[in-house]
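A.B. asks: The primary structure of each chain is shown beneath.
There are 2 protein chains.
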Amino acid sequence: MKTQEQEHILIIGAGLCGSLLALRMAQRGYKVTLMEKRPDLRKEIVDSGRSINLAFSDRGMKGLRLAGLEDKVLPLCIPMNGRMIHNAEGQLFMSPYSGRNEYINSISREDLNIMLLDECDKMPAIKMQFNQKCTGVNIETAQATFEDHKTGETITYQADVVMGADGVGSALRKSMLEHRKFLFSYGQDFLTHGYKELSFPPKADGEFLVEKNALHIWPRGKDMMIALPNLDGSFTVTLFLSWEEGKDSFDSLNTDEAVLDYFKREYPDALALMPDLLTEFKENPTSPLGTIKCSPWHAYGKVLLLGDAAHGIVPFYGQGMNSAFEDIYVLDQYLDQYAGDWKTVFKAYQEERKEDTDAIADLAVDNFHEMKAHTARPIFQEKRKLEIAFEEAFPTEYFSKYALVTFREDLRYSEAMRRGRVQDKAILNLIYDGKFTKDMSLRTKLDLMKQETRKMLHDEEVLEGLESED
Amino acid sequence: MKTQEQEHILIIGAGLCGSLLALRMAQRGYKVTLMEKRPDLRKEIVDSGRSINLAFSDRGMKGLRLAGLEDKVLPLCIPMNGRMIHNAEGQLFMSPYSGRNEYINSISREDLNIMLLDECDKMPAIKMQFNQKCTGVNIETAQATFEDHKTGETITYQADVVMGADGVGSALRKSMLEHRKFLFSYGQDFLTHGYKELSFPPKADGEFLVEKNALHIWPRGKDMMIALPNLDGSFTVTLFLSWEEGKDSFDSLNTDEAVLDYFKREYPDALALMPDLLTEFKENPTSPLGTIKCSPWHAYGKVLLLGDAAHGIVPFYGQGMNSAFEDIYVLDQYLDQYAGDWKTVFKAYQEERKEDTDAIADLAVDNFHEMKAHTARPIFQEKRKLEIAFEEAFPTEYFSKYALVTFREDLRYSEAMRRGRVQDKAILNLIYDGKFTKDMSLRTKLDLMKQETRKMLHDEEVLEGLESED
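These protein sequences, in sequence, are chains A and E. When you line the first sequence up against numbering that gives the first Met the number 0, it's residues 0 to 469, in that order. When you line the second sequence up against numbering that gives the first Met the number 0, it's residues 0 to 469, in that order.
No lab work stands behind these hints, which were simulated from the structure alone. It should be emphasised that the depicted structure is a prediction, and the values quoted were computed from it without experimental measurement. Possibly wrong hints are sitting among the right ones.
Note that identical chains are pooled: a pair holds if it fits in a single copy or bridges any two copies.
Each computed DSS-like pair below joins lysine-lysine, with the alpha-carbon atoms no more than 25 angstroms apart [to be verified]:
| # | residue 1 | residue 2 |
| --- | --- | --- |
| 1 | 449 | 434 |
| 2 | 281 | 263 |
| 3 | 36 | 149 |
| 4 | 246 | 180 |
| 5 | 246 | 346 |
| 6 | 384 | 424 |
| 7 | 434 | 454 |
| 8 | 180 | 36 |
| 9 | 173 | 353 |
| 10 | 454 | 382 |
| 11 | 132 | 42 |
| 12 | 449 | 424 |
| 13 | 180 | 195 |
| 14 | 71 | 61 |
| 15 | 454 | 444 |
| 16 | 180 | 281 |
| 17 | 221 | 263 |
| 18 | 454 | 424 |
Same shape as in the complex, but just chain A (with noise of 0.2 angstroms):
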């Protein structure tokens, strides 16, 4: 066996998770080549109107870090501290993430991956390649064929193993779904709606239209349109709205018309900033929402899939990034343990780290509900004031479900799913049934909340106990 200094790792998709993994992986000693379907967007301008801003929050930070570059990412960070909500009746209100003073940050997906390719620049052990497309992956021997998008030349490269960072299309993804002697499971599952990507201006001096610290949402039940800050005063904004046939959705806003009576009596003060509405609407594409699981993620110890491509989710957590992100940091401290021993590495790694993407896959769908529709609601402004009190006070004993997912990067996202739900379904049920009392100081109401927890958990121990004699 070769030693690991030599071995040839292929990384597919120079986007934000292939280029940190090229980092990475090259920092490891491995020789890496890192191929890229589109142009250099140094260089072309690559993608408009189809990226929703990015989240940037703790858990990619941890990947970030892993590979020294903590430093190089603060400066392109717009801190959001909380979301602004713009109700139906023209009135706004701040709702914090958190009671501890943390924060997420707005970034631009093309600014981080400008930073990431320029420093795997820096390493000669990374040969990048662009407008090459994959077009498929001999999965038993590490072989992957690629065709250059400016000659049409087609080269098939042998590597020692081929990662596949190459987002919810995988090519990689692909070839495993179509090997004949493999059972892989896989399913992509849409959302009844789709989004399109609008903007906000900035103001003739730079400033912001809008409060620049906050992720504003405007919530209305069944859609909704947020609104994330750009480092040049602007805003990304995106509208979610149905597909289906009906009134209000892609399908019924086909004219000019349409769009500017839907935008007046939905989105009044969000029209007043948008002064290009109706041309972006018509230019920018209408894009889906879906997400991708699959398993396995690696096959002979030749290939990996990882970030979007084995495991796409929608954009409510903010955490796609910072989940694909986190996957780098988890592979890294496998290879810590097994490096050199492929098969082991990623079937430790996909033992650890399936079940996390899983959640925060599910986690995402429940809080597009959540945002388009609770945040508006009477009884989830309560209890949101609640957390944020409890939080305020007692800020080491209380992290809301938001906070276990988002701040908390010491815990697995499933771990963070299961108490933050039994969490949420406690607080709800207090407050629902009326158990909160006005004279209730807020140390007994956290006490209460507390034994109302422990009890669901408990019983939830009672069956996984049972279950994991099996």
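Given the structure of chain A, go ahead and fit chain E onto it with the hints provided.
C.D. replies: Then chain E, alone, in the frame of chain A:
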């Protein structure tokens, strides 16, 4: 628009679902073409060693009764009153399916299919063709193309509506998945276990080697074997075993010696009844166990998926055929309401039905774990005994999860799942926490159980009530 009586429905697949569907549609006055990939199983041996025996029960009967076939199916049935558990110590004990003398039936897939095909032959409105492999469906125009296995000829049929009852490998579903203008959610999810069919022969006098009126189970924690009786005195035996590398897997049982060692160790009482074990083990295929989910089941008011083609489930609740027959029953009700408007029929049908087939798919996976592991465990045996006692003493008040799913054909699967799961959780908690004391009357125990269940359902309803405001 043509009147209903002249409309032409093309059905792909003349298995259990397709042939009952053809019958019912012909009874409703439609012209039906029924196309089957395989030869006519009344004339040629079509399949062997691949079919787990079927458990026919109340929901399946609903579909057959609708078509007037109740009397025709009864002679094919062998009642199974419960699970006969063969434990690792070689002891046998019977765990009844119900405290109300309810039972399920063992039935041969082939006998039932022959009966249904014979009934189709009696209907002039049904035109049946065998050896016709569907190579693709134009889902916008209801044109379906078939290749004749014997002549190699390819013909395209124009129908008003194409219904796919063509099983887990559905050609219609494939055409929907590949259709470009259409967001199709799709999932295939394989268990880590596969299965292999084996058998017990009849006694020389045609009698049964083990108890006739039971579903025999050898639960071994990780693996299990089951046996269902056939009319000729034989049993169809199915071994469920891990595919994976490692001890006791289909991978490791690759010599006669390994197979015999495994059976001697795990199933000695059964081994004594299996003279053809080694031949069958080698010659019968090992098949995967998968769940298929997809959505939508219909497109353009022109095509519809039913049965396994729409929702392939694992066999562990004995509900595969039953759910397919219930599909036909539910579809028929929407035809009563909306016949003439296929788009509305299909939409309303899926709107109701998908939630239920998703539920039975999940229940079936749960039951795999229950059968292979829980049935052998004291706390589950205690639970089961208590449930049977409740059902015997209070037959209109208590229904176990198994009874809700299997015998309460008036309840939707989704409701049976919701109530059944809460009940299971409640009863296990009460047993585990020692809340049922020795001196307590059965009535008091049931009241305690109902109180705990009500509390849990209340908590769920609080959450659901909030959700349903969406």
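A.B. asks: Hint by hint, note whether the structure agrees.
C.D. replies: Checked hints:
no., hint, result
1, 449 / 434, "both (13 angstroms within a copy, 23 angstroms between copies)"
2, 281 / 263, "within (17 angstroms within a copy, 71 angstroms between copies)"
3, 36 / 149, "within (11 angstroms within a copy, 45 angstroms between copies)"
4, 246 / 180, "between (47 angstroms within a copy, 21 angstroms between copies)"
5, 246 / 346, "between (48 angstroms within a copy, 17 angstroms between copies)"
6, 384 / 424, "within (16 angstroms within a copy, 32 angstroms between copies)"
7, 434 / 454, "both (16 angstroms within a copy, 15 angstroms between copies)"
8, 180 / 36, "between (28 angstroms within a copy, 24 angstroms between copies)"
9, 173 / 353, "within (19 angstroms within a copy, 27 angstroms between copies)"
10, 454 / 382, "both (19 angstroms within a copy, 21 angstroms between copies)"
11, 132 / 42, "within (18 angstroms within a copy, 51 angstroms between copies)"
12, 449 / 424, "both (12 angstroms within a copy, 21 angstroms between copies)"
13, 180 / 195, "between (40 angstroms within a copy, 18 angstroms between copies)"
14, 71 / 61, "within (14 angstroms within a copy, 66 angstroms between copies)"
15, 454 / 444, "both (15 angstroms within a copy, 21 angstroms between copies)"
16, 180 / 281, "between (46 angstroms within a copy, 19 angstroms between copies)"
17, 221 / 263, "within (17 angstroms within a copy, 60 angstroms between copies)"
18, 454 / 424, "both (12 angstroms within a copy, 13 angstroms between copies)"
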